[in-house]
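Residue numbers (our numbering), protein chains in the order written: chain F, 24 to 320; chain X, 34 to 450.
Simulated from the structure, these hints should not be mistaken for laboratory data. Keep in mind that a hint or two might mislead.
[As the list claims (entries may be wrong)] Beyond 10 Å from chain X on every Cβ pair, some chain F residues (computed):
{"no.": "1", "residue": "Pro57"}
{"no.": "2", "residue": "Val62"}
{"no.": "3", "residue": "Ala106"}
{"no.": "4", "residue": "Leu142"}
{"no.": "5", "residue": "Arg157"}
{"no.": "6", "residue": "Gly182"}
{"no.": "7", "residue": "Ile213"}
{"no.": "8", "residue": "Ser219"}
{"no.": "9", "residue": "Gly221"}
{"no.": "10", "residue": "Met226"}
{"no.": "11", "residue": "Leu235"}
{"no.": "12", "residue": "Ser253"}
{"no.": "13", "residue": "Asp297"}
[Unchecked claim] Computed spacing ranges between beta-carbons, pair by pair:
{"no.": "14", "chain 1": "F", "residue 1": "Val62", "chain 2": "X", "residue 2": "Glu188", "range": "53 to 63 Å"}
{"no.": "15", "chain 1": "X", "residue 1": "Lys170", "chain 2": "F", "residue 2": "Pro167", "range": "48 to 58 Å"}
{"no.": "16", "chain 1": "F", "residue 1": "Pro224", "chain 2": "X", "residue 2": "Ser116", "range": "47 to 57 Å"}
[Stated by the list, open to error] No farther apart than 25 Å at their CA atoms in a straight line, the calculated lysine-lysine pairs in the DSS-like style are these:
{"no.": "17", "chain 1": "X", "residue 1": "Lys314", "chain 2": "X", "residue 2": "Lys347"}
{"no.": "18", "chain 1": "X", "residue 1": "Lys248", "chain 2": "X", "residue 2": "Lys134"}
{"no.": "19", "chain 1": "F", "residue 1": "Lys211", "chain 2": "X", "residue 2": "Lys330"}
{"no.": "20", "chain 1": "F", "residue 1": "Lys211", "chain 2": "F", "residue 2": "Lys150"}
{"no.": "21", "chain 1": "X", "residue 1": "Lys128", "chain 2": "F", "residue 2": "Lys211"}
{"no.": "22", "chain 1": "X", "residue 1": "Lys139", "chain 2": "X", "residue 2": "Lys248"}
{"no.": "23", "chain 1": "X", "residue 1": "Lys128", "chain 2": "X", "residue 2": "Lys139"}
{"no.": "24", "chain 1": "F", "residue 1": "Lys211", "chain 2": "X", "residue 2": "Lys139"}
{"no.": "25", "chain 1": "X", "residue 1": "Lys330", "chain 2": "X", "residue 2": "Lys314"}
{"no.": "26", "chain 1": "X", "residue 1": "Lys128", "chain 2": "F", "residue 2": "Lys150"}
{"no.": "27", "chain 1": "X", "residue 1": "Lys170", "chain 2": "X", "residue 2": "Lys128"}
{"no.": "28", "chain 1": "X", "residue 1": "Lys348", "chain 2": "X", "residue 2": "Lys330"}
Backbone N, C-alpha and C define an ideal beta-carbon position, used for all residues, glycine too.
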Amino acid sequence: MSLTQSPLDSWLPRVPLGAWTEAAVDWATASLGPFFDGVATAVEALVRPLNDLLTGVPAVVVVLVLAGLGWWLRGWKFALGTAVGLGLVAGMPYWEETMSTLAQVLVASTLALLMAIPLGVLVAENKRASAVARPVLDLMQTMPAFVYLIPAIFFFGIGTVPGVLATLVFSMPPGVRLTELGLRQVDKEIVQAAESFGAPPWMVLLRTKLPLALPTIMTGVNQVIMLALSMVVIAGMVGAGGLGDVIMFALSQVEVGSGFEGGIAVVILAVVLDRLTDSAGDRFPSARAQRLARQAA
Amino acid sequence: MSALIVQSLYKIFGSRADEAVRRLADGKPRAEALAGLPATAAVIDANFEVRPGEIFVVMGLSGSGKSTLIRMLNGLLHPTRGSVRVDGVELTTLKPAALRKLRREKISMVFQHFALMPHRTVLENAGYALEVAGLPKAERRERAMDALRMVGLTEWADNLPHDLSGGMRQRVGLARALAAGTEILLMDEAFSALDPLIRREIQDQLLELQAELGKTIIFITHDLNEAMRLGDRIAVMRDGRIVQIGTAEEILTDPANDYVAQFVADVDRTRILTAASVMEKPQQVLDVNAGPRVAAKALRESQTSVVYVTGPMKKFLGTVTEDEVLRALREGRPHLDGYVSTERVRTVTADTSVADLFGDCAESQHPVAVLDERDRLIGVIPRITLLTALAAAAPDEPAQDQDQDQVELVGTKGEPA
Numbered sequence: 024m025s026l027t028q029s030p031l032d033s034w035l036p037r038v039p040l041g042a043w044t045e046a047a048v049d050w051a052t053a054s055l056g057p058f059f060d061g062v063a064t065a066v067e068a069l070v071r072p073l074n075d076l077l078t079g080v081p082a083v084v085v086v087l088v089l090a091g092l093g094w095w096l097r098g099w100k101f102a103l104g105t106a107v108g109l110g111l112v113a114g115m116p117y118w119e120e121t122m123s124t125l126a127q128v129l130v131a132s133t134l135a136l137l138m139a140i141p142l143g144v145l146v147a148e149n150k151r152a153s154a155v156a157r158p159v160l161d162l163m164q165t166m167p168a169f170v171y172l173i174p175a176i177f178f179f180g181i182g183t184v185p186g187v188l189a190t191l192v193f194s195m196p197p198g199v200r201l202t203e204l205g206l207r208q209v210d211k212e213i214v215q216a217a218e219s220f221g222a223p224p225w226m227v228l229l230r231t232k233l234p235l236a237l238p239t240i241m242t243g244v245n246q247v248i249m250l251a252l253s254m255v256v257i258a259g260m261v262g263a264g265g266l267g268d269v270i271m272f273a274l275s276q277v278e279v280g281s282g283f284e285g286g287i288a289v290v291i292l293a294v295v296l297d298r299l300t301d302s303a304g305d306r307f308p309s310a311r312a313q314r315l316a317r318q319a320a
Numbered sequence: 034m035s036a037l038i039v040q041s042l043y044k045i046f047g048s049r050a051d052e053a054v055r056r057l058a059d060g061k062p063r064a065e066a067l068a069g070l071p072a073t074a075a076v077i078d079a080n081f082e083v084r085p086g087e088i089f090v091v092m093g094l095s096g097s098g099k100s101t102l103i104r105m106l107n108g109l110l111h112p113t114r115g116s117v118r119v120d121g122v123e124l125t126t127l128k129p130a131a132l133r134k135l136r137r138e139k140i141s142m143v144f145q146h147f148a149l150m151p152h153r154t155v156l157e158n159a160g161y162a163l164e165v166a167g168l169p170k171a172e173r174r175e176r177a178m179d180a181l182r183m184v185g186l187t188e189w190a191d192n193l194p195h196d197l198s199g200g201m202r203q204r205v206g207l208a209r210a211l212a213a214g215t216e217i218l219l220m221d222e223a224f225s226a227l228d229p230l231i232r233r234e235i236q237d238q239l240l241e242l243q244a245e246l247g248k249t250i251i252f253i254t255h256d257l258n259e260a261m262r263l264g265d266r267i268a269v270m271r272d273g274r275i276v277q278i279g280t281a282e283e284i285l286t287d288p289a290n291d292y293v294a295q296f297v298a299d300v301d302r303t304r305i306l307t308a309a310s311v312m313e314k315p316q317q318v319l320d321v322n323a324g325p326r327v328a329a330k331a332l333r334e335s336q337t338s339v340v341y342v343t344g345p346m347k348k349f350l351g352t353v354t355e356d357e358v359l360r361a362l363r364e365g366r367p368h369l370d371g372y373v374s375t376e377r378v379r380t381v382t383a384d385t386s387v388a389d390l391f392g393d394c395a396e397s398q399h400p401v402a403v404l405d406e407r408d409r410l411i412g413v414i415p416r417i418t419l420l421t422a423l424a425a426a427a428p429d430e431p432a433q434d435q436d437q438d439q440v441e442l443v444g445t446k447g448e449p450a
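Bound conformation, chain F alone:
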């Protein structure tokens, strides 16, 4: 609150939004404790085994598996790039942290997508839901990422779980938005054609709209994963572990070397995940058909 407030503004009522928020969070912590405990256990149960798997197997195996995936999805050039990039990460001291970051990103973005895509379908089909969802999504996207960490600490304490959950909330909006956009962009005439032959709504959705919206939805998937990766690093502030920890530590100690190593590991992981998910979308027949149609047009 400013002390030099102009007398002209003195009539404005004080709005204790911060106090209300605190009260709400306090209430939630007190009364929804068992619920949050359950969520924490579930998230823990997902992240821990994946983390153990990725850090447990030799780095070479992980590099080869990802490079193989890259070969299948994009070709040998990308496979080679993946192998070189991840090989570089493996050669640095932070391989384990990188894998734990990967585990968190995979869990957070999978959970985010499991919620975002159905939600996107709902808001695309229902105008009222869309009107409600829009401001909420705006809030989720523009709220500074760090702010999510505060209630996350309240509800879940310090550690991986608040990091993953804050990441989930932060990365969800583009999944919802692009699903909605993709569904709305489906050619009206094609939808009408499906309806004109008497197809019920679920059939129009599953066999016409969703396949045709898939390329846009896959862009959403890609965006969700990218946002999750950026947030997971910030989540290092709440002790989520992984590369976030490395970078936070480097920041507090002003260690350029380890900071750069952690940063480069994030970049390489980001590029690999981005290209992999980007090309995964192209493997669907509907995406191929639409690309061909666009080229022809």
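Chain F is already provided as a structure; the job is to place chain X on it using the hints.
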């Protein structure tokens, strides 16, 4: 019974629809009637019946409401007011499930931009209606193949729509509607996206299929020549209202108002008008048993030089000229038998188009004889009559190009105010 009956059908977009309908009911133009209302009227008081087996064309420029109208016929759009009855079933009050059932069983649609599913093969697209109806795969395949055979696309069955040209894609669209096996076909500007030659071809194909299948077709178009070519009857729409319903000839020869008259001014009448519509009553028709004296009297009275002669059952036999009549008189024959000639006159049937009359008229020394299906003489066409009909067809143009029947009205006339 009519296949489809539309009564007092309105579609108002925007709010205060009831007020809009009330204001429009007395026939005022929509711009005037709806001034100040937050509503637009797409279809105003449409009334028509479509007979089983006919091609009913709804023609109008863009914005005339024809696309909205056709979408109310299968419930894709819900009418604001009025009634649509398909095969006796009132469509406007059906529950969604019943409406879907009606669409599956009674009425299918072909779209302007084909609306094929790009991720499905031609065969899967053609069998879409059957898939919706829940038919087993083998039967679906068989019936979709039959439909593709009708449009001549069986060898493309396993391709994606992308591999096909525009004309072929629309034939898939047509096959999809045919495979559904419904009695009624709605065609929304189905051929408008195709270039003229392809359009002509697919129009022919539709007419051939129609001759074989006898579907009830409601065809929307903005192209008058297409309307005239395909339509058994044509409804002309303007600003949301149907301004005239009639056969191509009725609309050409007796336009309901200036708008329709202006609309049809550009059409190539020689293709639409038939011999029956331009022919005149033959001046002198005599039975073959009439004597030469009767013939001579007839010629003198009508001041012509030729008599048309009919035989038993009024069958047309040929002509007798002045000279022949005189010869018969000199030779003292009791009747005209033996003097009748078919060399100086050509005959055509009543439904011959005017465009096809030119040759006959040029080669026929006497006015061309028009015969009905039992070869009875029903009229004659002197050259001057043909020329007059042509002059009426092209008031401002010195020469009528016979091949202009693909010229689109929209391109040449622009939007009416």
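ask   = Checked against the structure, which of the hints given earlier come out wrong?
value = Numbers 7, 8, 9, 10, 11, 16, 19 and 27 - these are the hints that the structure violates, sorted from lowest upward.
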